[in-house]
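Enquirer: Below, each chain spelled out in residue letters.
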Amino acid sequence: MMQSAVYLPHNATTPLRPEAERAVIATLARVGNPSSVHRFGRAARRTIEDAREQVAALVGARAENVTFTSGGTEANALALRGAGRARVVVSAVEHASVLAAVPGAVRVPVDSEGVIDLAALEAALAADSRPALVSLMLANNETGVIQPVARAAEIARRHGAALHCDAVQAAGKIPVDAAELGAHFVTLSAHKLGGPMGVGALVTDGTAPLEALLKGGGQERGLRAGTENVSGIAGFGAAAEAVRADLDCMGRLAAWRDALEARARAAVPSARILGADALRLPNTSCLALPGVAAETQVIALDLAGVAVSAGSACSSGKVGASHVLAAMGLDADIVGSAIRISLGWSSAAADIERFLESWTALAARTAPGGAVSAA
Amino acid sequence: MRANEATAKIENAVRGALKNPRSDGAPVYLDYQATTPTDPRVVETMLPYFNARFGNPHSRSHAYGWRAEDAVEHAREQIASLIKANPKELIFTSGATESNNLALKGVAYFYKDKKNHIITCVTEHKCVLDACRHLEQEGFRVTYLPVGANGLIDLERLKATIDDKTALVSIMAVNNEIGVIQPIREIGRICRERGVFFHTDCAQAVGKIPLDVEDMNIDLMSISGHKIYGPMGIGALYVRRRPRVRLVPLINAGGQERGMRSGTLPLPLCVGLGAACAIAEKEMGAEAERLKAMRDRLYNRLKQRLPEIYLNGDLDHRIPGNLNISFAYVEGEGLMMGLKDLAVSSGSACTSASLEPSYVLRALGVEEELAHTSLRLGLGRFTTEAEVDYAADRIAAEVERLRAMSPLWEMAREGIDIKSIKWAEH
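These protein sequences, in sequence, are chains A and B.
If you count the first sequence from 1, position 343 lands on 343 in my numbering, and the numbers rise without skipping.
If you count the second sequence from 1, position 141 lands on 141 in my numbering, and the numbers rise without skipping.
Read the hints as simulated data drawn from the structure, not as lab findings.
Glycine included, each C-beta is placed from N, C-alpha and C at the ideal position.
A few of these clues could be false.
Part of the chain B face toward chain A, derived, beta carbon under 7 Å [to be verified]:
(1) P27
(2) P37
(3) S94
(4) N101
(5) Y109
(6) Y111
(7) E136
(8) Q137
(9) I251
(10) N252
(11) S262
(12) S345
Chain A is nowhere near these chain B residues, computed Cβ spacing over 10 Å in every case [said to hold, decoys possible]:
(13) L47
(14) S59
(15) K115
(16) K126
(17) D164
(18) R189
(19) I234
(20) M405
For reference, chain A alone in the conformation it holds in the complex (with noise of 0.2 Å):
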């Protein structure tokens, strides 16, 4: 099987850091249960709390406000389960983890730039007095596209409602203060920001309630059962630590994401970026080349050794188009033409190189009219 050796889908996944890749291998080789009293199960214990206070650092929270969990669907669905609130009200861009947890929530629009309707969202939380909470993503997936989450919790909070921010795509790539968003309840995931697969973590205000979804054993202050993953949970704290300190990469990011699109433009007038007024992260570029199959463009960029995707990996090689893009308004051909091309801290300046060497190559050989400009 051909190999790509540009990866360009670091939303899906990002390579482990090296730093995490320390702490995971290590504590590998240990043993312990961490409920156990004994010496063993005592160091696993302290191997947990310390990644607990680097989780907390990284979105400004109390480590005992922090519950680990197998990932971010997990912490969703603990959220969004566990808070027990009546009703529960969702953006339309929310990631499928979110939206299939609760099936019955309404869902708020968002405008052509993939931001939501504030305005609606207040109309939906007025137009019933139960208690509600709010799920809102801080960054898309697909789009990149932050969410005004900080004004949402307001108004979350004037109509009685809690809030439930999904960070898994902000976190590591932007600043993140669960504080100052005025969340009650944070969802981060560790393999989005360097860290290992199977662990995530949500953050709570310490003021709201939550039950546990599993039960039984008592880990995790009784808000999530089953023995830890200690290497996971060190692994992810280390990540967690390392990207704190390295915030700065995503400076660098921007300008290679920023040309790329630039550069793509150019070369392919008829191209576009999909939520590109909005504010977004640094890291993603969602770009649509009308008239060209989104698969088409994804295979034929993978056997050029370029690996990148069409929507999010949880519903790729699924048929059926974005609901992200589809809520946002967009065309059907703009939809069905749009990758997602997202950097991460292992990309190099000449994965970009690559992608457009190949992208407008693609682009000259089946876009309608080939109206390819030189680069």
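For chain A, the structure is supplied; the task is to place chain B on it using the hints.
Expert: Then chain B, alone, in the frame of chain A:
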């Protein structure tokens, strides 16, 4: 290069952490039922997936994703092979606690319109009992079968308890505290005859005793990674396809794992669980013999030196790597404190911080005072004969020391029946 160096380092670290325990002051690890070290061969298999072979197994549009998916499916085959299942019948979870929650709540919720009764057992793992209590609060009827003094359930009683509203029987294969093996094959036959689903928590059984989901008529089976020399944070649930068992998912989104369990699959952990199962399948027979010999050696040495020690749970229907012994006339906390050079536990890890006597031992009819004096001794893949001998000598010496200070022990030696004494109240 990099991976090989790291492997060598891990191999040394694991072996170093477990061998020659006294040379660097580390305790002898005899708590293999709480958690097992990750086998160095498992770590070696996992390593490339942390860097060179990383990828999201759900990314179907590029080579990274395909290769990740292949690795996950290979791991699924390795797990399936160990329990004689079809790989399609295995769902990855974050561990046995999640598997048990998913099996119990998932089946209960799905069939709730027709059936509302669940049968389990008083000595099940805490997460099974807690999930059952949760279901009771929601209106389900739960029967908690008692166990005999040997720790085993009574099959006639099970038969008599099943009624036309029973949806599920959940009985663990191997108990985590006393290591006894329940009559799984017989339970499976009874459940199949009566048209009731059979779930078994096999966290302590997989890789220790032969399991065959067809032969044993098992419909759902919980599997843990870190109890079988695989990594923490990964487990699996076997869910039968024919006759089909249906579940309401606990974590619902994205549609991974046939819609029964959502979330990005943790690639290196899946690979690690697969590798651990493959090793277990190959080595289980020889390992069981080796552990049984060491277990018997440990038990015999203790019996030779110490009178009035009592084995909790059946000795014959028991996994080879477990002993659970009560040391009469010894104060349990004192015993643990005196044995700091042994990593042992007084019950299950999940309840070890509590000072309550083990509910498992109480269910066997062990008196509270005696239950307080119990130690669980878990032997495993890296246990050596020298460690066993050291542990036997240290336990014996410590018990003798504590008994020498105990007036109760002195009275018992003089033939006074302690229970007949009416203690003055102060």
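Enquirer: Decide, hint by hint, whether the structure agrees.
Expert: How the hints compare with the structure:
| no. | hint | result |
| --- | --- | --- |
| 1 | P27 | holds (5 Å) |
| 2 | P37 | holds (4 Å) |
| 3 | S94 | holds (3 Å) |
| 4 | N101 | holds (5 Å) |
| 5 | Y109 | violated (13 Å) |
| 6 | Y111 | violated (20 Å) |
| 7 | E136 | violated (12 Å) |
| 8 | Q137 | violated (11 Å) |
| 9 | I251 | holds (5 Å) |
| 10 | N252 | holds (5 Å) |
| 11 | S262 | holds (5 Å) |
| 12 | S345 | holds (6 Å) |
| 13 | L47 | violated (7 Å) |
| 14 | S59 | violated (4 Å) |
| 15 | K115 | holds (22 Å) |
| 16 | K126 | violated (5 Å) |
| 17 | D164 | holds (28 Å) |
| 18 | R189 | holds (28 Å) |
| 19 | I234 | violated (6 Å) |
| 20 | M405 | holds (23 Å) |
When held up to the earlier numbered hints, the structure conflicts with 5, 6, 7, 8, 13, 14, 16 and 19 and fits the remainder.
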